[in-house]
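J.: Protein chains in written order, with the working numbering: chain A, 1 to 354; chain B, 1 to 306; chain C, 1 to 266.
Mixed in with the good hints there might be a few duds.
Said to hold, decoys possible - Computed list of lysine-lysine pairs in DSS-like fashion (alpha-carbon distance at most 27 Å, straight line):
no.: 1; chain 1: C; residue 1: Lys-118; chain 2: A; residue 2: Lys-344
no.: 2; chain 1: C; residue 1: Lys-118; chain 2: C; residue 2: Lys-81
no.: 3; chain 1: C; residue 1: Lys-158; chain 2: A; residue 2: Lys-346
no.: 4; chain 1: A; residue 1: Lys-346; chain 2: C; residue 2: Lys-103
no.: 5; chain 1: A; residue 1: Lys-10; chain 2: C; residue 2: Lys-158
no.: 6; chain 1: C; residue 1: Lys-163; chain 2: A; residue 2: Lys-346
no.: 7; chain 1: A; residue 1: Lys-344; chain 2: A; residue 2: Lys-10
no.: 8; chain 1: A; residue 1: Lys-10; chain 2: C; residue 2: Lys-163
no.: 9; chain 1: C; residue 1: Lys-163; chain 2: C; residue 2: Lys-103
no.: 10; chain 1: B; residue 1: Lys-119; chain 2: B; residue 2: Lys-228
no.: 11; chain 1: C; residue 1: Lys-75; chain 2: A; residue 2: Lys-344
no.: 12; chain 1: C; residue 1: Lys-163; chain 2: C; residue 2: Lys-199
no.: 13; chain 1: C; residue 1: Lys-118; chain 2: C; residue 2: Lys-103
no.: 14; chain 1: C; residue 1: Lys-103; chain 2: C; residue 2: Lys-199
no.: 15; chain 1: A; residue 1: Lys-346; chain 2: A; residue 2: Lys-10
no.: 16; chain 1: C; residue 1: Lys-75; chain 2: C; residue 2: Lys-118
no.: 17; chain 1: C; residue 1: Lys-158; chain 2: C; residue 2: Lys-199
no.: 18; chain 1: C; residue 1: Lys-199; chain 2: A; residue 2: Lys-10
no.: 19; chain 1: C; residue 1: Lys-163; chain 2: C; residue 2: Lys-75
no.: 20; chain 1: A; residue 1: Lys-344; chain 2: C; residue 2: Lys-81
no.: 21; chain 1: B; residue 1: Lys-215; chain 2: B; residue 2: Lys-228
no.: 22; chain 1: C; residue 1: Lys-118; chain 2: C; residue 2: Lys-158
no.: 23; chain 1: B; residue 1: Lys-215; chain 2: B; residue 2: Lys-119
For the record, the hints were derived by calculation from the structure and aren't laboratory data.
Given the structure is predicted, the values throughout are model-derived calculations rather than measurements.
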Amino acid sequence: MLYREVGQYKTTYAADQAIFPIAQDRWFVWIVVAIAFIGVPLVANQYLYTEVLIPVLILALAAIGLNILTGYCGQLSLGTGGFMAVGAYAAYNLALRLPETNLILVFLFAGLMATVVGILFGLPSLRIKGFYLAVATLAAQFFLEWAFSRVKWFTNYAPSGTAAVGQLDLFGFPIDTPARRYLLVLAIVVVLAFAATNLVRGRIGRMWMAMRDMDIAAEIIGIRPLHAKLSAFAVSSFYIGVAGALWGFFRLGSWEPLAFDINRSFQVLFMIIIGGLGSIFGSFLGAAFIVLTPIFLNQLPAILGISLSTAAISHIEFMLFGFLIVFFLIVEPHGLARLWAIAKEKLRLWPFPY
Amino acid sequence: MLGPVLETLIGGLLTGVLYSLVALGFVLIFKASGVFNFAQGVMVLFAALSLARLSEVMPFVLALALSALIMVALAYAIEFLVLRRLVNQEGIILFMATLGIAYFLDGFGQSVWGSDIYKIRLGLPQNPIFILESVFPGGLLIDPAELVAAVICAVMVAALAVFFQVTRVGRALRAVADDHQAAQSVGIPLNHIWLMVWAVSGIVALVAGMIWGAKLGVQFSLAQVALKALPVLILGGFTSIPGAIVGGLIIGAGEKLAEVLLAPVLVRWFDLAGGGIENWFAYVLALLFLLVRPQGLFGERIIERI
Amino acid sequence: MRAPAVPDPAAGDVLLAVDNVSLAFGGVRALRDVSFDIHRGEIRAIIGPNGAGKTSMLNVVNGFYQPQQGRITFKGVTRAKMRPYEAARGGIARTFQNVALFKGMTALDNIMAGRTLKMRRSFFWQLLRYGPAMAEEVEHRRRVEDIIDFLQIPHIRKIPVGKLPYGLQKRVELGRALAMEPELLLLDEPMAGMNLEEKEDMSRFIIDVNNHFGTTIALIEHDMGVVMDLSNRIVVLDHGVKIADGTPLDVQGDQAVIDAYLGVAH
Chain A
1 MLYREVGQYK
11 TTYAADQAIF
21 PIAQDRWFVW
31 IVVAIAFIGV
41 PLVANQYLYT
51 EVLIPVLILA
61 LAAIGLNILT
71 GYCGQLSLGT
81 GGFMAVGAYA
91 AYNLALRLPE
101 TNLILVFLFA
111 GLMATVVGIL
121 FGLPSLRIKG
131 FYLAVATLAA
141 QFFLEWAFSR
151 VKWFTNYAPS
161 GTAAVGQLDL
171 FGFPIDTPAR
181 RYLLVLAIVV
191 VLAFAATNLV
201 RGRIGRMWMA
211 MRDMDIAAEI
221 IGIRPLHAKL
231 SAFAVSSFYI
241 GVAGALWGFF
251 RLGSWEPLAF
261 DINRSFQVLF
271 MIIIGGLGSI
281 FGSFLGAAFI
291 VLTPIFLNQL
301 PAILGISLST
311 AAISHIEFML
321 FGFLIVFFLI
331 VEPHGLARLW
341 AIAKEKLRLW
351 PFPY
Chain B
1 MLGPVLETLI
11 GGLLTGVLYS
21 LVALGFVLIF
31 KASGVFNFAQ
41 GVMVLFAALS
51 LARLSEVMPF
61 VLALALSALI
71 MVALAYAIEF
81 LVLRRLVNQE
91 GIILFMATLG
101 IAYFLDGFGQ
111 SVWGSDIYKI
121 RLGLPQNPIF
131 ILESVFPGGL
141 LIDPAELVAA
151 VICAVMVAAL
161 AVFFQVTRVG
171 RALRAVADDH
181 QAAQSVGIPL
191 NHIWLMVWAV
201 SGIVALVAGM
211 IWGAKLGVQF
221 SLAQVALKAL
231 PVLILGGFTS
241 IPGAIVGGLI
251 IGAGEKLAEV
261 LLAPVLVRWF
271 DLAGGGIENW
281 FAYVLALLFL
291 LVRPQGLFGE
301 RIIERI
Chain C
1 MRAPAVPDPA
11 AGDVLLAVDN
21 VSLAFGGVRA
31 LRDVSFDIHR
41 GEIRAIIGPN
51 GAGKTSMLNV
61 VNGFYQPQQG
71 RITFKGVTRA
81 KMRPYEAARG
91 GIARTFQNVA
101 LFKGMTALDN
111 IMAGRTLKMR
121 RSFFWQLLRY
131 GPAMAEEVEH
141 RRRVEDIIDF
151 LQIPHIRKIP
161 VGKLPYGLQK
171 RVELGRALAM
181 EPELLLLDEP
191 MAGMNLEEKE
201 DMSRFIIDVN
211 NHFGTTIALI
221 EHDMGVVMDL
231 SNRIVVLDHG
241 VKIADGTPLD
251 VQGDQAVIDA
261 YLGVAH
């Protein structure tokens, strides 16, 4: 009843190809964006910013990056953590050595460096079919982790081996409160998510999906496999690099390579599996799920009135994630995003059952 | 100079044997179902944990038998709950499913058996042996546990190789690996085959876990060994049992030698904060191998017919 | 793309020439010293009993297989090796026996994918989408809708192709090939698995494509009625060897062809 498309006729192809062809969807998104930019800062507290909103947004960005490569183009990568590290350390070094550089440029630089490193590791193995990119990215992950902990130049010869950022400002405005950090991260993520959505809906997205679905058939319509895979890898690395820089600067403040280890890679991979492979919206859902679940699990014993050790909670987390991964792969490979879409389908018919 | 290098080489080779044991489990499953079972490492850990904890309360042999039973039950559960429902999905989906299984087993294993470090007592001679004392002063140090591992590994490999080549079941496994649906359509009971392969793989994991555990103590990091098996398989070929052995030896020896010979050089040249090349050497080696010989030393070239 | 109407396509100039092509997989000799040509604007059928090497022949033309011997000359350019995407860029499009559609995408998207070669707007315009990229998208959408109307499948365009019945999937695949505006269209058993009505529809589409757009067609087909009705000329293969080459009338009466199909030992 509420969600009907009655009366919404598309009279141009452009209208048919819009991001949100259904008016109610458009309203929904605008409302969410308004709430995000205006509503949230009015009511949120520090905990919400630092433990929920900022991590979800930044990891969603990384998830979008990985989704482009794995969900849309079908190439598995296990090096997300390593490329986030590249972004973080690139941003750190630029901000350190050229302190006058605009913050936005610093993040763009982070993305570009991640792209370069990504292409370096990816290029040889993109020529080979199958699942071998996973190996290259795994090699990248371990090598980069090692490099950032051993090559002292990256951390400016700090005796502790950690990188730390100080006061940050953008165009003269200091970014020092959680609210300001949140707004800046939000703005960056929204812009990049919009760009990603545009990419995947156009010829480039179709090219990627063609490679994923049947690379042989993709070749016969004129797609060059190396070009398609490389472009997906480059864009993906860029997003992941920016996310890494944001993570280091706005979530951690100071970090060691351990913050970007193989567990981080798996974490982002789980986000896109649970959230939905091949869905930008799903990347947000997956990030939210993965970030919120441990928080929820930590509150659970208190709510239920039983006591669990932190180790036990961690084990439960592992089991839950493992279970959900398998569950989603079997039941709904398109993850939460598809469940959301199905719910909307039901809503279109509501109150009728079919 | 030669003495220490040789010692490192032998030590590396023996570590390599242990890698091979784990890789064997991978090869079995991949050969029969085309699945890269990421959970293999956790299975090794789970098996070792079961063995360690059970042998605290019962005689070793009984614990071993019971652990074997547990691994078979685990295989059955995995086949029934997961694999059956993912028939003919692409490799990447199956791999991610095994990733989920790995995480689940990790949490489950530690919930059930606990997360401390446990010991497995195999009654192996603990004292190092020294060989070639006449050639090198002081002799070369060899760990007898690893020697035993090498022997066990050799026996397992021989048995498995025979099994695959000669028996009817082995042939059926090869058919299944080639094409699930085609194998089904000629009457090969897919589910039974997978069940058996995972069970055998579970037993292999148990043996690997037993030996690793005896050497290192059973702990969390055993699961990371799974990742190390990937380079082994790339070098050896995903479907080759002898390849797993050779690959394991090369990786094991290569890693140790790189750490001892290459790392000091790199530390000097680049002013690094320490070595630790072992962390990535295997993977980079695998990557280089991919460029030169993607099917590995013993793997099969894939010809695609359209 | 409309080519000028050729009065007798069989006498037209040569679009594709296959010269002494031999292809072997390990011990299996798929093609042995096969030579024939295809004239611009004609419909050329490639027929033969199972295992004759017909699909292998198309795969060679397409660039999927590289022949051990022989040359292919397309539009005057001779080459021994070619990648499939080079063939596509050169103007060769193809359908497959087992429909090779992108199962995760809708019918519309599949056919739009066929326009990939024609879409030029750079990466950065794609990022923005609004503006030149959108204009290009709409322009190509128009062409694709023309094809969808032509193939009479507007009602299924938003449906993921994995959910479509086989006959409609084949139509979508044809649509994708047509979207490339090819000069040479290779059809591998387009009628396979179809009932009489569907075959009539498909035949009509093939004839229309040939007449309206002037597209040269090479066609593998088992249904002899269809082959005799549609084609200008026929090549017959058996066990990798060419055993006949001529008009339908010639081929129908050829003893070697009859023997091959009836399975006379030779």
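J.: Decide, hint by hint, whether the structure agrees.
T.: Right, here's what the structure says about each hint:
At most 27 Å may separate the alpha-carbon atoms for a hinted pair to count; C:Lys-118 and A:Lys-344 exceed this at roughly 35 Å. Taken as a hint, the C:Lys-118 and C:Lys-81 pair is honoured in the structure, with Cα atoms around 24 Å apart against an allowance of 27 Å. Taking the CA atoms of C:Lys-158 and A:Lys-346, the gap is about 18 Å. The hint holds against a cut of 27 Å. Note on A:Lys-346 and C:Lys-103: the hinted pairing holds, with a Cα-Cα distance of about 24 Å set against a maximum of 27 Å.
A C-alpha spacing of about 14 Å is found between A:Lys-10 and C:Lys-158, which places the hinted pair at or below 27 Å, so the restraint holds. The hinted pair formed by C:Lys-163 and A:Lys-346 meets the criterion: a straight-line CA distance of about 19 Å does not exceed 27 Å. Only pairs whose Cα atoms come within 27 Å are accepted, and A:Lys-344 paired with A:Lys-10 is accepted, the gap being roughly 20 Å. Taking the CA atoms of A:Lys-10 and C:Lys-163, the gap is near 25 Å; set against the 27 Å cutoff, the hint holds.
Under the criterion of a C-alpha separation no larger than 27 Å, the hint pairing C:Lys-163 with C:Lys-103 is consistent with the structure, at around 9 Å. Taken as a hint, the B:Lys-119 and B:Lys-228 pair is honoured in the structure, with Cα atoms around 23 Å apart against an allowance of 27 Å. Only pairs whose Cα atoms come within 27 Å are accepted, and C:Lys-75 paired with A:Lys-344 is rejected, the gap being roughly 52 Å. A C-alpha spacing of about 21 Å is found between C:Lys-163 and C:Lys-199, which places the hinted pair at or below 27 Å, so the restraint holds.
As the CA atoms of C:Lys-118 and C:Lys-103 are separated by approximately 22 Å, the hinted pair is consistent with the 27 Å bound. Note on C:Lys-103 and C:Lys-199: the hinted pairing holds, with a Cα-Cα distance of about 23 Å set against a maximum of 27 Å. About 22 Å separates the Cα atoms of A:Lys-346 and A:Lys-10, which keeps this hinted pair within 27 Å; it holds. Proposed proximity of C:Lys-75 and C:Lys-118 is supported: the alpha carbons are some 20 Å apart, at most 27 Å.
Under the criterion of a C-alpha separation no larger than 27 Å, the hint pairing C:Lys-158 with C:Lys-199 is consistent with the structure, at around 24 Å. For a cut-off of 27 Å, the pair hint linking C:Lys-199 to A:Lys-10 is broken: about 34 Å separates their Cα positions. Note on C:Lys-163 and C:Lys-75: the hinted pairing is violated, with a Cα-Cα distance of about 39 Å set against a maximum of 27 Å. Proximity of A:Lys-344 to C:Lys-81 is assessed by CA-CA distance (about 51 Å); at most 27 Å being required, the pair is judged violated.
At roughly 18 Å between alpha-carbon atoms, B:Lys-215 and B:Lys-228 fall within 27 Å of each other, so this suggested pair holds. Pair hint C:Lys-118 plus C:Lys-158 holds up; C-alpha atoms about 22 Å apart against a cutoff of 27 Å. For a cut-off of 27 Å, the pair hint linking B:Lys-215 to B:Lys-119 stands: about 9 Å separates their Cα positions.
This entry does not satisfy hints 1, 11, 18, 19 and 20, going by the numbered hints stated previously.
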